[in-house]
Amino acid sequence: MNIKTVITHEQNIEKAMEDLKKQLETFNPKLVIYFASSIYSPQELSDKMQSGFTQAQTFGCSTSGELISGTITKNSIVLMALNDKIISDAKIEVIENLSELDQVKSAFVSFENYYKAKLNELDLDKYVGLILIDGLRGKEERIMEKIGALTNLTFVGGSAGDDLKFSQTYVFANGKSYTNAAILILLKTNNGFDILKTQSFNPLNKILKVTKANEAKREVMEFNNNPAIVEYAIALGKSTEEAKNSFMHNPIGLMIDGQPYVRSPQQAKDNSMVFYCNMSEGMELSLLEGTDIVNDTKKAIAAKELELGKITGIINFHCILRTLGLEDSNKSDEYGKIFTAIPTIGFSTYGEQYIGHMNQTSTMLLFK
Amino acid sequence: MAGKIKMIIDRIVEVKTNGVTSLVPMTKAKLILIGINPLKYDETTADDPDIIDKLIKYAKESGIEIASK
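Protein chains in written order, with our numbering: chain A, 1 to 368; chain B, 369 to 437.
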C-alpha cells in the first residue's frame, strides 16, 4: 500500500499524534496531508505534526468537518500519508498575506527554481498543484485568477473552515500555522493524476444576467436590471420571502462546457444578494435545481474508475453546504461509504478551487 | 471601432495554449470565470474599453504582450 489514511478523535494533541503514528505503523511517508477540526490549537498541531514526521513534508488546514474512507465525521484529524511510489517530489510555498498578489508570482519562481525548469516545460500530466486557503477572507477568486494567468498547471483545493464559527481559519505547512494565508504545493506524481469536479444540480431554463455587482464584496445588486432578490424570486416562481429559503437547493451557476460552476447565495441584504463567490457585471448565470448528491457522486466515481482503471487515492474538497444538505437528508453515512474502497481524506470546505473558485461541489484530486 | 476584444482573446488563447489544443477549453474557462465569455465576441463586437482593460491586465499577468493597435 502506497497511500495510507488514518483518523483520530483524540482531543489532546500529544495523544492524537500517538494515535495517528500508531495506526501508520511502519509506513514511511514522503508527504503527510492532514485536515483538522478547529478544536485543535493550530500552531501546536502544525508543530507536532512536523516533529512527528521529520522525514516528510507536512501540510494541511482547519476544517468544518472531516472525511475519510467510508466516513464523514467531525471534531477529528484525518491524515493521508503518501510514499515515494506516489509522490516523487513536492515543493511547498506559503502566501503569507492574501492581499499581496505578487507573493503568488514569487511562489511560482520558487517552483521553477526548485524543479529546475520553466513552468511551461513541466509535464502537465505529472505535476499537479494543491491550494489550501483561508476561507474567510474572500480572496480565492483573485488568487486563482493569478495562478491561472501564470501557469497551465492544474491547481485544485479548498478553503479552510472553522466548524461554522466563521471566526478564524488556518492553513498549516512544515510546522507552522498561518491565517490570512494560502499554501501552494506543487507535487510531482509518479503515476499521474486526474481531477473530478462533481455537483448535484441541473440547470433550469432561467438566465440571470448580472447587471450591477460589487465583486469585492461578492454582492449582486441587480440581475436583468431588476433588484437581485426580486429577479431571483421571479425566476423561481416564488415570493421573495419564499425564495430566501431556496438558496441551498437553488443556487445559480456559470455554465462552462455544459457544467455549472456554482455560485451559492449566502444571504439577501435588502434587495441585493450576497454570494459565497464573486460575479462580474455581464455574467450570465443559470438558475439551478438540486439533484441527489449521493447518487450523482456514486456515478461520478464509478465513471472515473472505469476511465482510469484504478484510483489509488482521493483528496476530496467537499463543500460545507453539501455536508449540511447530506445531514438534513440523513445521507451523510451513505455519502461517506462511497469512498470505503479507496484511500480517501477530505474536509468540509468554505469553497472549492479548480480553474477558479466555486461552491457546492465535491472537487477531488485523484491519484492514479 | 470593433473587433479588438476578439483579437485580444484570440491572442491570449494562442499564446497560453502554444498549439496544444487540449488546453483551449481550460484557457477559455479561465476567461469565463473572470467574466469574459469568448463566445460572446466576434469581429463586429464594439470595442468596450472596460473589457479591453480587463483583458490587457489578464494578458499582462500571463506574460503576454498585446499590440496597441
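If you're looking for bench data, these hints aren't it; they were derived computationally from the structure. Be aware that one or more of the hints could be misleading.
Said to hold, decoys possible - To be clear about the criterion: a stretch of chain B counts as covered by chain A if any three or more of its residues have a C-beta under 8 Å from a C-beta of chain A, and this derived list gives those stretches: (1) 401-412; (2) 422-430.
To be verified - Computed far set for chain B versus chain A, every beta-carbon distance over 10 Å: (3) 374; (4) 375; (5) 378; (6) 379; (7) 382; (8) 385; (9) 394; (10) 415; (11) 433.
Note that CB positions come from ideal geometry on N, CA and C, so glycine has one too.
Claimed clearance of chain A by residue 379 of chain B, with the beta carbon kept past 10 Å: 14 Å, holds
Given as non-interface: residue 415 of chain B, partner chain A, CB spacing beyond 10 Å: 15 Å, holds
No chain A beta carbon within 10 Å of residue 375 of chain B's: Residue 375 of chain B clear of chain A: closest Cβ-Cβ about 19 Å, beyond 10 Å.
Non-interface claim for residue 382 of chain B versus chain A (Cβ beyond 10 Å): 13 Å, holds
Cβ contact check, 8 Å cutoff: the stretch 422-430 of chain B against chain A, three residues minimum: holds (count 3)
Non-interface label on residue 385 of chain B, tested against every C-beta of chain A at 10 Å: 8 Å, violated
Chain A versus residue 374 of chain B - minimum CB to CB distance exceeding 10 Å, so not interface: 16 Å, holds
Chain A versus residue 378 of chain B - minimum CB to CB distance exceeding 10 Å, so not interface: 17 Å, holds
Least C-beta distance between residue 433 of chain B and chain A, which was stated to exceed 10 Å: Nearest chain A Cβ is 14 Å from residue 433 of chain B, so the label holds.
Residue 394 of chain B remote from chain A - nearest C-beta pair above 10 Å: 6 Å, violated
8 Å C-beta criterion, at least three residues: is the stretch 401-412 of chain B covered by chain A: As far as the stretch 401-412 of chain B goes, the hint holds, because 4 residues have Cβ atoms under 8 Å from chain A.
Going through the hint list in order, the structure does not satisfy hints 8, 9.
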